[in-house]
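Could you put the whole structure together from the sequences, leaning on the hints where they help?
Those protein sequences? They're chains V and H, same order as listed.
For the record, in the first sequence the residue sitting at position 445 is 1574 according to our numbering, with numbers rising by one throughout.
For the record, in the second sequence the residue sitting at position 69 is 303 according to our numbering, with numbers rising by one throughout.
Source of the hints: derived by calculation from the structure; they are not laboratory data.
Careful, some of the hints might be misleading.
Below 20 Å or equal to it, Euclidean Cα-Cα: the simulated SDA-like pairs (lysine to any residue) are [said to hold, decoys possible]: (1) V/K1788 / H/G325; (2) H/K263 / V/R1475; (3) H/K265 / V/R1390; (4) V/K1823 / H/P374; (5) V/K1788 / H/C360; (6) V/K1672 / V/C1684; (7) V/K1251 / V/W1238; (8) V/K1826 / V/V1437.
Ranges of calculated distance between the beta carbons of each label pair, as one might list FRET restraints [as the list claims (entries may be wrong)]: (9) V/E1169 / H/A382: 35 to 43 Å; (10) V/G1158 / H/S302: 33 to 41 Å; (11) V/R1670 / H/H332: 29 to 37 Å; (12) V/N1836 / H/K263: 33 to 41 Å; (13) H/H332 / V/G1749: 23 to 31 Å; (14) V/I1791 / H/A382: 28 to 36 Å; (15) H/H332 / V/N1836: 19 to 27 Å; (16) H/G268 / V/E1740: 32 to 40 Å; (17) H/M280 / V/P1682: 30 to 38 Å.
Since the model is a prediction, treat every value here as computed from it, not as a measurement.
By construction, the Cβ of each residue, glycine as well, lies at the ideal position given by its N, Cα and C atoms.
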Amino acid sequence: MLEAGASTRSKTPLKDRLLLRQARFAGTGHYEVELALKKEDPINFELLYTKLVQIVFNAHEVARLVSASPMTRELGEVIFGLYTPEGDAICLSHGLLVHVHTVSRMIKWMLANDYEEKVGFKAGDIFFNNDPYIGGAHALDQMIVIPIFWEGEIIGWAAGLTHVPETGAAQPGGYGAWFRTRFEEGLFMPCVRIGEHDTFNHDIEVMVDRSTRTSVWWHTDNRAKFTGARMIREEVQRLVASIGRERYAQAASEYIEDSLRAARERVRRLLRPGRYREVGWRGTIIPGEEMLLHAPLEMTVRENGSLVLDWEGLSSAGWQPFQGSLPCMEGLVLNGLIQHVLFDARHNEGTLLIVDLRVPPGTCCNPDNILYPTTLWGPAYAAGVATSQALSRAYYAGGYLEEVHASSALSSGYTAGGKDQYGRPLGAHNMEFAAAGMPAQARMDGLDTSGVEFNPEGDMGDAEIWEQTLPPLYLSRGPRIDGGGFGKYRGGNGIQSWYAMPDVPDLEIGSFGSAPIFSAPGLMGGYPASALLMWVGHDTRLKEYAEKGLSLPACEGDDVANPAFKQELGGRWEAVIGSNYPATRLKPYDIFTAVSGDGGGFGDPIERDPEAVAADVRQGHTSKRAAREVYAVALQADGMVDGPQTEALRQRRREQRRKDGIPASEYRARMRERVQRGEFAPPVKRMYLDVLRKSAKFAREFRTFWNLPEDWTMPDETKE
Amino acid sequence: MAKHDPKELIADLITGRIDSEALLQLQRKEKDPGRLSTICQIYQEMLGWPEPVVGLVQEHLLLVDAGSGERTVRCTCGYDFGDCRRNWKEGALVYERHPRDGQIYTGPRGADPDWMVLREFYCPGCSVQLDVEMVPPGYPFIFHFLPADVETDQETAG
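Here it is, written out as structure tokens:
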């Protein structure tokens, strides 16, 4: 239902209403002081909310069928929501949960920047944003917002967001580990009206056609988002016609307040009050400026059910792509909270209001310069991991072991650009990494190849669909042996795919991932997941094998340092630790891999049930080497557990620990001089110099730990 | 088979004997508000310590009321790590592991040692591995949990 001629300005400008709403919350701690409708008729209160949920879920499902992008169709990288006139989320669909807050940010940004006055909002307008400093995580995250009018006034907003595989960036497919500025990330349209009267503007679409390599996904995703948003708009208008505008507005407010109260109550009941600390890590690999990036969390769970998440000590922002905008940081932290604590509660603006999120400005999760790139999220992802780890510790301390888990995988994938197998311009990335290995739980192994933190329903998509979309051909696709963190309960293994380069001219392959570090920590004695790794094989015998119809390995094999494809096909191989690979014109029949990422492990590996280890070896999840060396399990020739030998191995391992381990005081004495002199490799040295200067708290605690004088500063050779 | 006796079920949760179906049921149903006291009671009976078990720190580590208001961190083997306001890692055995030493991670599956090492913490009493930090060389020990109901001393809390 499009209201002809309806347009703002509202009686009270929306910007003022937003400020009033924020002031009211600051003053009362409530979104709505009384839950009048809930009190009056709790059954219909719930029924109405169910109706709203149904509306946004319908939009989500239909939109997936409208798009041509495999991200949207196959993987479900989509989320829809309904918002108040001030931009507060009332109700969200399932799907790409990391963006629970980003659309809200977009609406509020438009209000705060006088769009109502200077741009104007009309019925049938279509607004678009992919500027991550306004809302979203990177240029690939694209959102559409449309106003919902009633009797000439805006009564809300309907919105959809998808992850689009091409933005016209310097590296095809939008991802690149070497971007220095925002200008390499492709086309940005910050809160632009891209359509009117429910019709997309042709001139804007021409701009997209001429600014990206493959515009079909951008366009069809926009149609998908608009279709879903329009469905929401029309259903809400029908609902308002039925129950009245005032009742709808009151209910919307009460749902937010109700969520706020439920979230507080949930935290109060389940998480043990206290102070929790975790550290997330990523790194930038710009040549000559390599630097580890530090994301320390201090989470305080208060008796009243509120949470303080303080990120003092974050690394500085800069000219590198491993950083996140503040909306991205908010999204990841809140995503962790929703998935691990508030998973069966209503999530909307109220959920977010229990959190006091403190992200220092000028850091790589709250940059003070919008020209800094944000392609790879950076420590914001690590911050999400740290939040989940801290929440797990708080669950454990409360006795709810069944909710405890180690950290989720960090994902990686490949990009492709140039011309596709049909001779058309191509820019895209493969996103089967949305089915990574899940973290180990405190009493259960992590699921293999199943999902990611940012989209718990993530799917890998069919290999055949990916082969239709992107030129590389699958040689193999399966769980990455030994990928998940080792532990009493092991992390889930991610997908490892082996691809062959087809005989397609003008095709470049690249990859994105992390620095050469561990990214997914273990918990309470479990090990982190394996480092991300990409293999690239040149001049192999693949062509000969293909021509002769010879058998190829079915998977990586048991020797992870010398995989089966490498052994079988020979040639020259590169091991790219961290999985960042610049877009490169590989030759036909060259081979490359991508790994989706693996989950962290939980607990001491030598406490793992030996039978579980033997079963994992039989099923190809754990190598024989890891069974013996990590889990200290002796297997007989038939693969069965040798009980007495296993016990002997484990006893020897415990004795080895007593020999290897030294008291903390001795460790400190051995390391102190090195620390005092600042003898670290450049990526670590740069991190320490930056953080020690930036955070007085970190510097004080660092000096205290290493027993350094108060006036000590780390030597800085770059100054000499 | 899911057990009907809630205390027995929670005992299985602690020991890891719980089967996956019972675990899923526990995840799905409303949380029992007295869980922590149930667990403390089970540990008390299981371990037979004279001092009351009053909380959980993490896998293997319990909070014990040592008298005079002092809460200590104690391993299930009986080893005492001392006052919970001080990071228990100060009382652990520490081993800094090369991330590609071939025992845990082989070849390129491990991090670059210039960037990151593994720091393992073992209980001096029973040698169980209590924590594995993935940190750059020289990083202070991470102090994971300080309960709210003990008086915080800034000197020892850091």
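To see whether the hints hold, each was checked on the structure:
Of the pairs offered as hints, the one joining V/K1788 and H/G325 holds, with about 16 Å between alpha carbons and a cut-off of 20 Å not exceeded. At roughly 17 Å between alpha-carbon atoms, H/K263 and V/R1475 fall within 20 Å of each other, so this suggested pair holds. For the hint linking H/K265 to V/R1390, the alpha-carbon distance of about 17 Å falls within 20 Å, and the restraint holds. Pair hint V/K1823 plus H/P374 holds up; C-alpha atoms about 17 Å apart against a cutoff of 20 Å.
Annotation: proposed proximity of V/K1788 to H/C360 holds, straight-line Cα distance about 13 Å (limit 20 Å). As the CA atoms of V/K1672 and V/C1684 are separated by approximately 18 Å, the hinted pair is consistent with the 20 Å bound. Distance hint between V/K1251 and V/W1238 is fulfilled; the C-alpha atoms sit about 17 Å from each other, no more than 20 Å. Pair hint V/K1826 plus V/V1437 holds up; C-alpha atoms about 17 Å apart against a cutoff of 20 Å.
Remark: the range hint 35 to 43 Å for V/E1169 to H/A382 is upheld by a beta-carbon distance near 38 Å. A C-beta distance of roughly 38 Å is found between V/G1158 and H/S302, which places it inside the suggested range of 33 to 41 Å. The given range of 29 to 37 Å is respected by V/R1670 and H/H332, whose C-beta atoms sit roughly 35 Å from each other. Taking 33 to 41 Å as the suggested C-beta distance range, the pair V/N1836 and H/K263 does not conform, at roughly 50 Å.
Under the hint 23 to 31 Å, the C-beta atoms of H/H332 and V/G1749, about 27 Å apart, fit the expected range. Roughly 32 Å separates the CB atoms of V/I1791 and H/A382, a value that falls within the hinted 28 to 36 Å. Separation of H/H332 from V/N1836 is about 26 Å and conforms to the stated range, judged on CB atoms against 19 to 27 Å. Between H/G268 and V/E1740 the beta carbon distance is about 34 Å. The supplied range of 32 to 40 Å therefore holds.
For the pair H/M280 and V/P1682, the beta carbons lie near 49 Å from each other, so the given range of 30 to 38 Å is not met.
Consistency note: the structure conflicts with the earlier hints numbered 12, 17.
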